[in-house]
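Chains as they are written, first to last, in our numbering: chain A, 5 to 511; chain B, 5 to 511.
Hints listed in this document are in silico derivations from the structure and should not be mistaken for laboratory results. Be aware that a few hints might be false.
Computed list of lysine-lysine pairs in BS3-like fashion (alpha-carbon distance at most 25 Å, straight line) [said to hold, decoys possible]: (1) K401(A) - K401(B); (2) K401(B) - K44(A); (3) K105(B) - K467(B); (4) K89(B) - K70(B); (5) K467(B) - K70(B); (6) K234(A) - K501(A); (7) K206(A) - K89(A); (8) K401(A) - K44(B); (9) K105(B) - K234(B).
One-letter residues, chain by chain:
There are 2 protein chains.
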Amino acid sequence: MPRSPLEGTTKATKLLLVLLCWTVLCSAMPDPNYREHLIKMEQSQQTGGRVLLSKAEQQLGVLLHKLKQQEMESSEFPPAMHFFKAKPLIRNSTLFSLLQKMPKGGALHVHDFALVDVDWLVKNVTYRQHCYVCFTDDQSVRFIFASCQPKPVPHCSEWMLLETMRAKIDNCTDLDNSFIRNLTLYTDNPEAAYPNQDVVWKRFEETFLAAWGLVTYAPVFKDYFFEGLKQFNADNVMYLELRALLPQTYELDGTLNDRVWTLKTYQEVVKQFVAEHPDFFGARVIFTAHRGLNASELKEVIKEAVQLQREFPEIMAGFDLVGREDTGRPLWYYREALSLPAELGVSMPYFFHAGETDVQGTDVDQNMLDALLLNTSRIGHGFALVHHPTTKALSRKMGVAVEVCPISNQVLKLVTDMRNHPAAVLMSEGHPIVISSDDPALFGASGLSYDFYEAFVGIAGLKSDTGTLKELAVNSIRYSSLSPKLKEEALVKWQKKWDKFVVENLP
Amino acid sequence: MPRSPLEGTTKATKLLLVLLCWTVLCSAMPDPNYREHLIKMEQSQQTGGRVLLSKAEQQLGVLLHKLKQQEMESSEFPPAMHFFKAKPLIRNSTLFSLLQKMPKGGALHVHDFALVDVDWLVKNVTYRQHCYVCFTDDQSVRFIFASCQPKPVPHCSEWMLLETMRAKIDNCTDLDNSFIRNLTLYTDNPEAAYPNQDVVWKRFEETFLAAWGLVTYAPVFKDYFFEGLKQFNADNVMYLELRALLPQTYELDGTLNDRVWTLKTYQEVVKQFVAEHPDFFGARVIFTAHRGLNASELKEVIKEAVQLQREFPEIMAGFDLVGREDTGRPLWYYREALSLPAELGVSMPYFFHAGETDVQGTDVDQNMLDALLLNTSRIGHGFALVHHPTTKALSRKMGVAVEVCPISNQVLKLVTDMRNHPAAVLMSEGHPIVISSDDPALFGASGLSYDFYEAFVGIAGLKSDTGTLKELAVNSIRYSSLSPKLKEEALVKWQKKWDKFVVENLP
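Construct the entire structure; sequences and hints are all you get.
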């Protein structure tokens, strides 16, 4: 005979149960347990919400929470400010120091010409022999290395040997600072200097042109990449996927090196760097072309990409299109060229920039869907993804992570206050994302830590914890272009660093 | 015997089918039909995406699309600018004129002291007899009507009769303009004047205090509300739900009228207004108390609210809490008081402000969930809802609409560029929303048209169309506090106006 659930309980207990039932079921007040359940359910959905944490990780979480609360209660909340103004505050914060020390895994969205602090470019590279400078008629600069006087180029009537020039002036600091200003977007008053996206993008493209002659000088090219790896490594980033234009580089006598040279050089530099820094895991290259190309031009580039990947499968991860989306051609325009590898039966992983826009409903705004239809491996930026529920669901189903670059989006005027960054929606839903820094050198950032700060403090809210950071770091390996075997190796390496980090930073 | 699906087809057709199959299934290019299907699916999810449109409505949509594209292609895109700077551009746009003419249904989130253009307060009310002014020691003003010299009050040592004062100066325009400045948040350079939310909220509360003595003077109180209805009616809004503090009003001799007087006055003014404007449908009042109250104070207010609703069921719609959420007490703190009506077995519809914040993960950020658990009928603002997937899903399941007030959110510094307004996410998912104007008079807006412009052009993107506008208008009746019978009546009335609007504005 089945026993009554209340059988064996005393009268007093029964009365207590009835009272409890009344309180929960009959009281007009919302049930606190149900409320607690919903809150927990919501929290478990967010990035890192389902990560099982060790005792030590939980303890670290208490510290993280306290530090974050301090930041949020300050009258000047850095993520609500423009990064150029917030940077000194961030740099001084204890939480930032902690994030710097944290092993962050890989940086999956960074560009070839914006890896290295421009201080290094000015203080090291421009002081090398044979460096010429030209002040353009539109208030910018160009550099070139040459064994004899270079010829004038558009906007540039006169090249001056920097060595001679510096010898003539007493104090080189002003000159060097003017170079630095030309090589970054930094300015005291960004709101005034960059009233809209057109203006800031124009300046953004100018800085690339200013750096071009320095970075594409073959000897510098190697050193620049090596220095970049050094700076990311110092920021506790162990792996890099580099969006690279694979430009021709030049020698002092003007001879040009081709794309194969460039790609080979990347491969050699990575090998050398890893040999010297066994803690570093490596780097791969995503070959990029500009959205300004026409369809048949892109077809040729794709053919070249297929060839390069065949020859350099180790270093070459895949292909992407770069440049401002709003003024460029939409992905769908290139569909034929981009379908070429599949038609040839070869694999060409794509890592498309898509949705780096706030203009809704245009052809460009369709790029995210088209990237997915073209079988992209990740979505670069995906700033507009939250406006596209079907596309967002598809991206989740396909396991396609979004590369979130908070500081880049702010400087390029997609968002003002980081708390409004759409990644907050993605993180609240646990959508696969990774954090990256896009062009750290141009924004005055470095490595990944500043972007991790913005994401963790500004975007993810007070309830994000050790699990959030852990998931973001693990994601950067999980969603990388590495083979399953290499992912496994990288994860083991990262886990060791992580465990050490947790133990060393317990409160 | 079952027939083969291809039986009876000719050889040529079979070949064609095979070719077709190859094109669709075997081509490496994404299938354009599948793409089109996904795009349509996404579009059908957005606000208005499933509204069936008549031929005429579709034709109007073509015009709307053209006009919106013009706005988006302009170098100065109003929704990307602060409303104070955008307003002259909006006022001159053809699309705005169209939205003014459009029958917008009801305004469900507007406050009692910010209904009427402040010009009217200054040019009409302050020119009435017996109006005293005082310039406070903190650069604000106070007004009072009195039959003899009023006594000093805090911050206000000297009251001057405005009539006498004006008689002594040659040109009253400067004085009047200074009053206008004190009664609104308008300023030439809002970014500089209001560097953060604390500063703008302080000024916001100041403007209420400045208007207080004018609006709570009993004769003005009636006229003010009448004028408010007139201005909303002129903006083609046919129904109002007013968040009202139900303050004591005063007579010239200083006698005070109680809440019952105030509520009765609202009721009488509505009746009179509807009698004179049979096209107008009516107005109801949501009694509001301040989040600064403590729990037992609120309990008393709730008891009073229950009593008022029993006595004035026609005009009184329900209850809400007002004041800045971030510095006020969270809803959960008041749970006992707010559960009182249910405990008493009486109905007290709630219309809670919740989620008017960008601080994530705090107790205040939990207000939206708690509002739902307390059975709220709508959510005021819900700016933070998109950061709470579980709460968002619950709100949708419960059919609880979010009252989106774009201009208010921008002026009070929750968002800079309207394209980043979180309602864009809600609209893309077809979450139930209504558009309202919160405190139009304080922002230099009026009625609903400016907020409809921001929502339609800035938030909803290029693909939103006649269906979007139609759904927004219908929502304002569907999610109102009206009885099902009155909703039906209001919808019939609205539909007539709408059909006329569509026909009269065909391209």
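Non-conforming hints, listed in increasing numerical order: none
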